[in-house]
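Enquirer: Below are the chains, spelled out letter by letter.
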Amino acid sequence: MSIERIRKAWPHVRVVLIGLHALAVVALTLPTPHSVANRQDWQNPNMQADLQQWTDRLGWLGYDSKEELENDLWRLAQSYLQFRKVIIKPFQIYSKYSGTRQGWRMFANPRVRSAELHIDIHVDGRWIPVYRPESSEYDFWDTKFRHNRFRKLLGRIGNKKHINTYRFLARFLAGRAAHAFPDADHIRCRLYRYPILPPERVRAGDTPKGAYELPMVFKPEDVR
Amino acid sequence: MTRRRKQARKPSNKRASRSDEQAARRPRTHSVANSEDAADSRPEPQARRRIVRWWLFWVALFSQRESGTGLAVFRIAIGLVLLYSLLSILAAGLIDVLWLDIAHGGYGPLGHGNWLLSRLGGPGNPSAVYGLYIIALLGALATTIGFGGRIAIFITLQTYNALVSINPNVSGGYDLLLTNALWLLVLADATATHSVRCRRKTGKWTQTVEIPAWPRYLIVFQLLVVYTATGLYKLSADWTPAGGYSALYHVFQDPTWRRFSMEWTASIYPLTQLATAIVWHFETGAWLMFLVYYYRYTRDRHGRVRALFNRWDVRKLFVLIGGSMHAGILLTMNVGPFSWVTLAYYICFFQPNEIERVLKRISATVHRLSGRRSRLASERVERPQDAITPAR
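Protein chains in written order, with my numbering: chain A, 10 to 233; chain B, 72 to 463.
The hints are simulated quantities; they were obtained by calculation from the structure and are not laboratory data. Predicted model only: the values in this text are computed from it and were never measured. Here a beta-carbon is modelled for each residue, glycine too, at the ideal position from N, C-alpha and C. Please note: incorrect hints may appear among the correct ones.
[Unchecked claim] Under 8 Å between C-beta atoms, here's a sample of chain B residues computed to sit facing chain A:
no., residue
1, Gly164
2, Leu247
3, Ser307
4, Tyr320
5, Val322
6, Asp325
7, Ser338
[What the hints assert, rightly or not] Chain B is nowhere near these chain A residues, computed Cβ spacing over 10 Å in every case:
no., residue
8, Ile12
9, Glu76
10, Ile137
11, Asp148
12, Asp231
Based on the provided sequences and hints, a complete structural model is requested.
Expert: Below, the structure is given as structure tokens:
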């Protein structure tokens, strides 16, 4: 093929390549399997609250219960996953080497129950808090926790499917606390889970009442 | 509009007169003439012509060239955001904690990393992680100053991508925006001007040069896909009238991302509802900007809808709403450099000549202020000799 022919063909080839890139971007934007494939994820309180809300609104479509809607959506999700598997395959190699990964699920399901990490140390027979979010008094590792990447991690451990991540993180932080507070004979990490109150209750002066979950207690010698 | 209609009519008249001349020159039998007329009116050639016209539209669009200033400014903005992203994790002392395996100071096991990091030994090899970090940092600097051309940007892309792929639990939407931007900068001629490369080639930091415009179009396309997708992902009823537009209120009550305590938003709940509605409709309606750009590009054609879209500069409205949204995010939430990288993408909404006008205005303002300051400084230097009476 002569240079002249290549030169003439190039604008047309370019359209094809740009079109393929655009198609890759759109295809890769389709929801990823981990967000729809795991039935257990659908049991988390935020998802269940959303399903209940949609059931209440979609009653005119014949949905009498949340479970009915959930089952229909689950079947639809499985069909979608088969379709996605076929569509996405050619573009995954492209995205692997070009950095054109897509994943734009941001604040898709705002929480109705929040979870905070709390850290305490045991000194002289009593538990003393050393970390509470947004506290200037209990601010152990606060500057690190406030970094946006750590915030994401702290947000993740509030989700039950990341329980292993929570366990590793709790052990790691206990080790850091053991160094920072050498007088402590035990370090405790817990998740404090509480409901987000509707605005009228906050205006009335109510404060959310939560409960602790997943307490993990460590001895300094085990984690230093 | 009338002139355009007349002009639009002209080509068909020309075609008719041309074919009459050709018919007059060539001896044709009656049946051949009839069969040729019949061929022109067959649906198949018309459909083929339409497809060819449609194809040539895209060829023409992606063959456009424009000043290199727009992409250069975008490149500098992306480089600065990259530097911020990399330096902030270093400053917080979190590289070991978040990007190294538990055996080397990390908080937990991290798998193998992406294709590049796994070849270098994975997050279990601190030298590999720190090596990638240093190269990414230098690459971010090179991208900002326009040194090393596409190769430097490509290396920055691969090293940054390898780092942020180490631990998905700590990487965010802004990382994806950065890697996508870097890939498009690799494909573009983004160091043609406002760069060290330009300085070395021409002796000046800037030059008037034309580069392909299609990478800028893809940058705009990428951002509109981001907004549309993120809007459609918002399946929670809280984002919609069905949930009372309560989503932002709930986000503000969750301590994960907010900068400070925000229980007070309960007192301005209707405002949070309004903000939620604006955000969701803005995002789910972002795809309409494709139409805006299409109508702008084909403004010479007629059509009522086209005329309506071109009556105002809808881009400015879009940028105003989006810019306000991201300003709100910056003020109230800590989501890393997400708003900054998104606002960098906004640069590409505008033509390079529009960006050059803004840069000239900024430059003129800076010159005016520095001129005023040096005048004031020279006046102050003269006055003290008059004002101060030396002590005797």
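Enquirer: Run every hint past the structure and note whether it holds.
Expert: Structure-based check of each hint:
1. Gly164: holds, 7 Å
2. Leu247: Interface hint status for leucine 247 of chain B: holds (6 Å vs cutoff 8 Å).
3. Ser307: Hint holds; serine 307 of chain B Cβ to chain A Cβ min 5 Å, cut 8 Å.
4. Tyr320: holds, 6 Å
5. Val322: holds, 5 Å
6. Asp325: OK, holds: aspartate 325 of chain B within 8 Å of chain A, min 5 Å.
7. Ser338: Status holds, d = 6 Å.
8. Ile12: Label holds. Min Cβ-Cβ 18 Å, cutoff 10 Å.
9. Glu76: The assertion about glutamate 76 of chain A holds, with a minimum of 17 Å to chain B.
10. Ile137: holds, 21 Å
11. Asp148: holds, 14 Å
12. Asp231: holds, 15 Å
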